[in-house]
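**Student:** Listed here are the chains, written in short residue letters.
Number of protein chains: 4
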Amino acid sequence: MAIDRNSLRGKLFIIIFGAHTKHGRQFDVFLLWFIVTSVLVVCLESVPSIRNQYHGLLHSLEVFFTIVFTIEYLLRLYSHPKPLTYFLSFFGIIDLLSIIPFYLTVILPAGHFLVTIRIIRLLRVFRILKLTSFVHHAHVLKTAIIASLQKITVFMLTIISLVLIIGTVMYVVEGEENGFTSIPQSIYWAIVTITTVGYGDLTPQTPLGQVISSVVMIMGYAIIAVPTGIVTVEMSRSMPVSRKAEQVECLSCGKSMPLNSNFCSNCGHQLNE
Amino acid sequence: MAIDRNSLRGKLFIIIFGAHTKHGRQFDVFLLWFIVTSVLVVCLESVPSIRNQYHGLLHSLEVFFTIVFTIEYLLRLYSHPKPLTYFLSFFGIIDLLSIIPFYLTVILPAGHFLVTIRIIRLLRVFRILKLTSFVHHAHVLKTAIIASLQKITVFMLTIISLVLIIGTVMYVVEGEENGFTSIPQSIYWAIVTITTVGYGDLTPQTPLGQVISSVVMIMGYAIIAVPTGIVTVEMSRSMPVSRKAEQVECLSCGKSMPLNSNFCSNCGHQLNE
Amino acid sequence: MAIDRNSLRGKLFIIIFGAHTKHGRQFDVFLLWFIVTSVLVVCLESVPSIRNQYHGLLHSLEVFFTIVFTIEYLLRLYSHPKPLTYFLSFFGIIDLLSIIPFYLTVILPAGHFLVTIRIIRLLRVFRILKLTSFVHHAHVLKTAIIASLQKITVFMLTIISLVLIIGTVMYVVEGEENGFTSIPQSIYWAIVTITTVGYGDLTPQTPLGQVISSVVMIMGYAIIAVPTGIVTVEMSRSMPVSRKAEQVECLSCGKSMPLNSNFCSNCGHQLNE
Amino acid sequence: MAIDRNSLRGKLFIIIFGAHTKHGRQFDVFLLWFIVTSVLVVCLESVPSIRNQYHGLLHSLEVFFTIVFTIEYLLRLYSHPKPLTYFLSFFGIIDLLSIIPFYLTVILPAGHFLVTIRIIRLLRVFRILKLTSFVHHAHVLKTAIIASLQKITVFMLTIISLVLIIGTVMYVVEGEENGFTSIPQSIYWAIVTITTVGYGDLTPQTPLGQVISSVVMIMGYAIIAVPTGIVTVEMSRSMPVSRKAEQVECLSCGKSMPLNSNFCSNCGHQLNE
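Protein chains in written order, with the numbering used here: chain D, 1 to 273; chain C, 1 to 273; chain S, 1 to 273; chain L, 1 to 273.
Isolated chain D, as found in the complex:
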């Protein structure tokens, strides 16, 4: 379906979904600030001292932002040429998830559950990414990460197996009296250690446990090299080898050739007479 640029729906679509008109850009900038501010309000509301003092103001702001985002969501649904496509798209779902929790709070006034649902609100932050001007760079990163995914998965399966075995060994070696109360708990420790996070809430107490930990740590030190290697290689394959890999354009067919070509490899046109 073509967009009628003169109808209200067409104009709204260009403003809300596009960023190439003045009004479209203004809308996006407004939206960015609204999202950032609303996230800030939710964060501040969670701080006990601030909540106690400014509860009324923060709650009003939250109601205001939710209404604004709801209107925006309805306008998006209305103005999109294919509302269902939008509704089922990634950002359509995110847009919906960023307003739903508030209304659930109204329906279910139970304190504790409310808090659990509140978290999904935060997902609206992802919408900020839509506004980034670094689309090209994001694309290079995305390509490299997707190309790495299969290798990263193999690597992750190896890590998970490793962590399972290390966790069990430590559970047996250290035992419940040193805080390794179960295999899952020991696996948690193994992950904390192999990723070099090292909280220190669980630490090996026995000499044998410390020896095993040392091996695990040095192993983790070497293992961290693997995902880095994968991503680096994939990234270098997504980009030209050298910033100096300058190109010459064929005057006949317009295709780019390496600078030192004699003939266009596309149409056979002679490049440097």
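Simulated from the structure, these hints should not be mistaken for lab results. Just so you know, not all the hints are guaranteed correct.
[Claimed, not checked] In silico DSS-like pairs for lysine-lysine, Cα to Cα no more than 27 Å straight-line:
(1) C:Lys-142 with D:Lys-142
(2) L:Lys-22 with L:Lys-82
(3) C:Lys-142 with L:Lys-142
(4) S:Lys-11 with D:Lys-142
(5) S:Lys-142 with L:Lys-82
(6) C:Lys-11 with C:Lys-22
For this one, chain D is given, so just place chains C, S and L on it according to the hints.
**Tutor:** Chains C, S and L alone, transformed into the frame defined by chain D:
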């Protein structure tokens, strides 16, 4: 010895060891779920609260899984054209190790020892790797890691020497009153620090100790670059430089051109008639 | 405006701003030692035990260094051909900021505020970088980092979004009774975890919290690969591929040969007669 | 001075310093085990429980090893064609340092000082590196690390400046009541944080301190990419780009050429008729 595809042994071999027939794939999927579930059962059994409540169920499941894996192991031995080769292969040993500890538990009903042996059971998890479809990617990773091994070994020997000396210096500087009760304990601290794990169970208390720690940490920060560099370079050597690197050779001058070229960029010869 | 090399201003300019004359180098070396010593004095003054014992000496030294740096600053302003350009330049501002806090201390003798301002003094340390002879290497690093900045920014925005969502999830899962007292506090925990710092002042206590933490840690482990990949690729693009990459061109067929070749490997033409 | 292979000195030189004869290799293997065992003895002696029980045995072993190493050191001095060159060489100094502390212990029987000196003994471990067969790989690593040193130095100076400023800011923000008792202490914290070690002995308590820490951590996360990038690029420049960069040898002059060369670039001999 050739496999007789019509005999029972031949059919079993194709189902159990192969993954290219429908039944073979079904068998592998079943096995995957059995392994994951049995590992989960062992993990859950180690959690005190769950063990107390569901001890009977978990124990029955463990008996069931062990019987299944034992039958599977015997069938593998029976169906393999060269049973001894399988028995001595890596996965043959892993398969055996994943059932033996249970039977040892039956023979030796002593509580504490039992727990120590239980850990080997977990090794059966490695069998999951057999089922991965990412064989190619695993191979690239494996090649790169093997090619890195010698350099990583040189690096590791340097780290071990370094950690020994740092550990001794800290033992002398901090002393037993600050928790550095022996050289091995100080080496453990040095490894925790240089790998950037940093539990915090042992920390330098004296100003000199903190200065030395700072140097060790910054050193560790720079040193972490070395294994990463090794693996990255080896990995980039295992893969074609560019995803676009497939080449076609010019029949006229012999120069390599990108696969999608129509003409040789060197002599102008038409490539794909 | 040209510099009159015989006037006092011209001579001062060459000594103070230049490093290619004997006096200019001597001035820079003096300045380096003065800066390092004055920073050391400020650091020592902050240590309670040293401050109590040597307060008079340290304070006198600080007065002395500040006077020296003030005279130096005035001489720079006087001798520079375009004082305003210097005044507004990066190092002009740093030079000013490295003397101002002391005078503010004199005007405002209030204890606590004084301490707050003192910190800016430390910025004078940056001037040391002026004296480094590793300008070329600093330039290569700078080029690579600037070229990486846009990609790093995209990456950082993703991390910030991720950390916000993880922080909220953990606030909901762990709750105030386990130390996750607010969303900002939980975000702080998420950053501590995903960067693999892992202080251990906040750690997950509930099983679900530990599972989520484990996922976050493994994610952080894989994510750390991304900035490394970005910087490595940009750095490799800033440098020639091989230390042996210097080439000589064959005068007969035009192909590039390694510098030490005697004959062209393509057409057999003798290269260095 | 040429070595007389038939004199005692010449024979000793070949055995002690060389590794290409049967006796030379045997000597090196013996030495390796002696060094490893003696280091182990020193480590075990530092463990209080072991020292109390086996003090006599461990002390005797230490005396024995020191005598052996002293005789070895004297034989090295005697057999080397240029004793002074050996005495002043890196390994000459290490060899001496690995026996001196024991004799100092005999002269100065004071308990505490003795411990301080004991540490230098550990340096003998470095001699193990002499025995490694991975000389080539060590050389590649060494070349890459040396080539990286200047860039790493620029990087390290930047880090030190950064850590100084961050340390001062945190000293002002957190203050003595939160454990940041002095600027050096705060710098120690900044290094612990930026290197992602994160002991947790000092942690920010104020909201502003936690915000600054978060920025420092994310910065450290990005900064860790820089040394890795430097080393990776230098390492990739020390090694051939591809394992497939196979070579063809010129039948006329013996020099290796890239596989696709038509003529030897050294002597002009035609390679592939």
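**Student:** None of the hints should be skipped; say for each whether it holds.
**Tutor:** So, going through the hints one by one against the coordinates:
{"no.": "1", "hint": "C:Lys-142 with D:Lys-142", "result": "holds (25 Å)"}
{"no.": "2", "hint": "L:Lys-22 with L:Lys-82", "result": "holds (24 Å)"}
{"no.": "3", "hint": "C:Lys-142 with L:Lys-142", "result": "holds (25 Å)"}
{"no.": "4", "hint": "S:Lys-11 with D:Lys-142", "result": "violated (56 Å)"}
{"no.": "5", "hint": "S:Lys-142 with L:Lys-82", "result": "violated (48 Å)"}
{"no.": "6", "hint": "C:Lys-11 with C:Lys-22", "result": "holds (12 Å)"}
Checked against the numbered hints given earlier, the structure breaks hints 4, 5 and satisfies all the rest.
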